[in-house]
Amino acid sequence: MIPKIIHYVWVGGGDKPRDIQRCINSWKRKLPDFKFMEWNEHNFPIMKFPFAKRAFEEKQWAFVSDVIRIAVMYEYGGIYLDCDVKIIKDLSPFLNESVFIGFEDDSHPFTAVFGAEPKHQLFKDIMNFYNSVDLGTRVDFQRFVNTTIISELLINNFNCQPNGKEQILETGIHVYPSSFFCYPSSHSIAVHVFLGSWLKESGTMFSRFKERWRLSLSSQLQCGIYSAFMILVYRLILKKDDHRR
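Numbering follows the numbering used here, in which position 244 of the sequence shown is assigned residue number 1285; successive positions increment by one, without gaps.
In short, the hints are calculated from the structure, not lab data. Misleading hints may appear alongside valid ones.
[Claimed, not checked] Simulated crosslink set (EDC-like; lysine to aspartate or glutamate; CA at most 16 Å straight-line): (1) Lys-1206 - Glu-1145; (2) Lys-1069 - Glu-1079; (3) Lys-1045 - Asp-1131.
[Claimed, not checked] Listed next, with one range per pair, are the computed distances between beta-carbon atoms: (4) Gly-1055 - Asn-1197: 20 to 30 Å; (5) His-1083 - Tyr-1275: 26 to 36 Å; (6) Pro-1091 - Phe-1270: 25 to 35 Å; (7) Asp-1146 - Arg-1249: 36 to 46 Å; (8) Ile-1196 - Asp-1074: 32 to 42 Å; (9) Arg-1253 - Leu-1277: 15 to 25 Å; (10) Pro-1058 - Glu-1211: 31 to 41 Å; (11) Lys-1100 - Lys-1165: 24 to 34 Å; (12) Asn-1198 - Ser-1260: 13 to 23 Å; (13) Lys-1130 - Thr-1178: 44 to 54 Å; (14) Asn-1200 - Met-1042: 31 to 41 Å; (15) Asn-1197 - Asp-1146: 16 to 26 Å; (16) Gln-1261 - Lys-1076: 22 to 32 Å.
For every residue, glycine included, the Cβ atom is placed at its ideal position computed from N, Cα and C.
With these hints in hand, go ahead and build the complete structure from the sequences.
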């Protein structure tokens, strides 16, 4: 059984922006019976983990966070949340799983929301990967994006099919579609707001509009309306592109 703990990571110092606080507040409203654990450079032994140590020295905070989230999930179990995730519904029904995770797209798992029992083999395998990285004199951290690493491990070690569909893998890993924990839908349990996203469209007026709307979502009904609107918009865009051809 998954412990009733929410883990999150905030490294590099600095105050949390208002929008991040807004997301975290949604956790406390929807998950009042959970224990919350914030992990940072002051309470996590970064220097004991070579990959995290190197990332910390180079101020690659996202990659420091990648190691911390896996290490604490392996040690303690619980549920990990990125700080720009909004909780829409109680996560308690998922506590009976061994591991739950969702897709971000058809090929990649979603690493902003996942839960696990302590000492699960998946997280041991991920830590073994980080410990095996040759740090050398220069590290290209973009080679170690966590969704790619975890995708390959789920496919190669646990027979995950990269098709975006719900499936239960070896050792009880339950993989959910992206409509559960990532993108807004009438099934949403959580929504990733993608604040400060590195995606190519980040910074456009439309992406900013979507970000603000996602940040305001608080129910499955609202998430369903968002999803229906976005489907309509993208269909209109595709139709316009077809006319241009």
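Each hint, compared with the structure:
1. Lys-1206 - Glu-1145: This hinted pair holds, its Cα atoms lying about 11 Å apart.
2. Lys-1069 - Glu-1079: 13 Å, holds
3. Lys-1045 - Asp-1131: Since the Cα atoms of Lys-1045 and Asp-1131 sit roughly 11 Å apart, the hinted pair holds (cutoff 16 Å).
4. Gly-1055 - Asn-1197: 20 to 30 Å: 37 Å, violated
5. His-1083 - Tyr-1275: 26 to 36 Å: Once the Cβ atoms are compared, 44 Å apart, the range 26 to 36 Å for Tyr-1275 and His-1083 is violated.
6. Pro-1091 - Phe-1270: 25 to 35 Å: Taking Cβ atoms as reference, Pro-1091 and Phe-1270 lie about 46 Å apart, which means the hint is violated.
7. Asp-1146 - Arg-1249: 36 to 46 Å: Violated, at about 22 Å.
8. Ile-1196 - Asp-1074: 32 to 42 Å: At roughly 35 Å between Cβ atoms, Asp-1074 and Ile-1196 fall inside 32 to 42 Å, so the hint holds.
9. Arg-1253 - Leu-1277: 15 to 25 Å: For Arg-1253 and Leu-1277 the Cβ distance comes to about 21 Å; the hint holds.
10. Pro-1058 - Glu-1211: 31 to 41 Å: 40 Å Cβ-Cβ, so the 31 to 41 Å window holds.
11. Lys-1100 - Lys-1165: 24 to 34 Å: With a Cβ separation near 28 Å, Lys-1100 and Lys-1165 satisfy 24 to 34 Å, so the hint holds.
12. Asn-1198 - Ser-1260: 13 to 23 Å: Check failed, 37 Å falls outside 13 to 23 Å.
13. Lys-1130 - Thr-1178: 44 to 54 Å: Holds, at about 48 Å.
14. Asn-1200 - Met-1042: 31 to 41 Å: 24 Å, violated
15. Asn-1197 - Asp-1146: 16 to 26 Å: 19 Å Cβ-Cβ, so the 16 to 26 Å window holds.
16. Gln-1261 - Lys-1076: 22 to 32 Å: 25 Å, holds
The structure does not agree with the numbered hints 4, 5, 6, 7, 12 and 14 stated previously, though it agrees with the rest.
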